[in-house]
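Asker: Sequence:
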Amino acid sequence: MSYLNQIANLSDVTFEKDADLTKYSTMKLVAKGDLVTVTSVDSLIEIQKIFKENKISPRIIGMGANQLLPVQSDAPYLILKFPFEKESCDELRDEYVFPASVRLSTLTSMASKFGLLGWESFTGVPASLGGAIVMNAGTNLGEIGPLVTSVKYVNSDGEICEHTPTSESFSYRHCNFLKKGDIIIQVTMKHFGVDAQLREKIKNYLDLRNRTQPMSEKTCGCIFKNSKGLVTCRAGMFIDIMGLKGLTYKGVRVSNKHANFMENFGGSNYDDVVKLIEIVKSELKLQYGVDFETEVKID
103 MSYLNQIANL
113 SDVTFEKDAD
123 LTKYSTMKLV
133 AKGDLVTVTS
143 VDSLIEIQKI
153 FKENKISPRI
163 IGMGANQLLP
173 VQSDAPYLIL
183 KFPFEKESCD
193 ELRDEYVFPA
203 SVRLSTLTSM
213 ASKFGLLGWE
223 SFTGVPASLG
233 GAIVMNAGTN
243 LGEIGPLVTS
253 VKYVNSDGEI
263 CEHTPTSESF
273 SYRHCNFLKK
283 GDIIIQVTMK
293 HFGVDAQLRE
303 KIKNYLDLRN
313 RTQPMSEKTC
323 GCIFKNSKGL
333 VTCRAGMFID
343 IMGLKGLTYK
353 GVRVSNKHAN
363 FMENFGGSNY
373 DDVVKLIEIV
383 KSELKLQYGV
393 DFETEVKID
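Sequential numbering of the sequence shown, starting at 103, is according to this note's numbering.
Careful, some of the hints might be misleading.
Pairs of lysine to any residue, SDA-like flavour, derived with a Cα cap of 25 angstroms [said to hold, decoys possible]:
| hint | residue 1 | residue 2 |
| --- | --- | --- |
| 1 | K254 | G244 |
| 2 | K320 | T139 |
| 3 | K399 | N257 |
| 4 | K347 | V376 |
| 5 | K154 | K320 |
| 6 | K254 | M212 |
| 7 | K188 | K134 |
| 8 | K183 | I152 |
| 9 | K352 | L310 |
| 10 | K330 | K352 |
| 11 | K281 | K188 |
| 12 | K327 | R301 |
| 13 | K399 | D196 |
Worth flagging that the hints you see were computed from the coordinates, not collected in a lab.
Please put together the full structure from these sequences, using the hints given.
Answerer: Given below as structure tokens:
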């Protein structure tokens, strides 16, 4: 029996061979691959053991943001859809426990409702909570890392582990404690108090994002990390100065609204986006001598 048949026979698991993955990408890239959807931790544990036994490294899809899906993957894709009791969010608490698959937009709604200080930092970020932890997601308002008090994950051996973050656990757009193959299943979040004006602040920040970023286009978020040195070099500003807004390769272009975004306007795929990224990155290096790292995950 193949490892995929083993997985397909597990409870709380659905399997789709050669699935169309376009809808699982916020950039709507043309992509196909074997898709495994799991709805319980027990089944995820068994899946991890099967993957290890067969030396398979799955690709995890959160909300399909901040990652590019290859046209045809040689490894299966894994989506988590754990149950979430929304009633647990109906009252003000010091801490909240969430499954990794919950959307950040749910947390933003809670921040707006209760005025949870700190939670405004991921306003407008289109990600699952697990994905946000992996990349220490954030905006100009802050990062998610300082708000995390506990992370549970299943390691590549199929064991449940728990990490209590320290000051070393997160860095700019990176989670430092997870190893390859670890899959987050649960996150405990705190806040920094209550601000009655937070609802208005979140609304104003969303309005700002809508004015300055291509929120209605098919994008994967920021392409490049800002370069952190003695002085922060903002990738979008440098790309704009070079006059690369609107630069097009096949069906993908550098956004005219914000230069650190790329828009899929014509049925683009992974290879098209990677090519445009390489062109822009090369120009940045040539013109300014700055080697910008990609923020978007390129497998």
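Asker: Each hint should be assessed against the structure and marked as holding or not.
Answerer: Here is how each hint holds up against the structure:
1. K254 / G244: Holds. K254 to G244 sits at ~23 angstroms (cutoff 25 angstroms).
2. K320 / T139: Given pair K320, T139 holds - Cα atoms ~24 angstroms apart, limit 25 angstroms.
3. K399 / N257: At roughly 20 angstroms apart (the allowed maximum being 25 angstroms), N257 and K399 satisfy the hint.
4. K347 / V376: holds (17 angstroms)
5. K154 / K320: Violated, at about 35 angstroms.
6. K254 / M212: Answer holds: K254 to M212 is near 22 angstroms, not above 25 angstroms.
7. K188 / K134: The hint is violated at about 33 angstroms.
8. K183 / I152: holds (19 angstroms)
9. K352 / L310: Roughly 30 angstroms between the alpha carbons, so the hint for K352 and L310 is violated.
10. K330 / K352: violated (32 angstroms)
11. K281 / K188: Since the Cα atoms of K281 and K188 sit roughly 30 angstroms apart, the hinted pair is violated (cutoff 25 angstroms).
12. K327 / R301: Violated, at about 28 angstroms.
13. K399 / D196: violated (33 angstroms)
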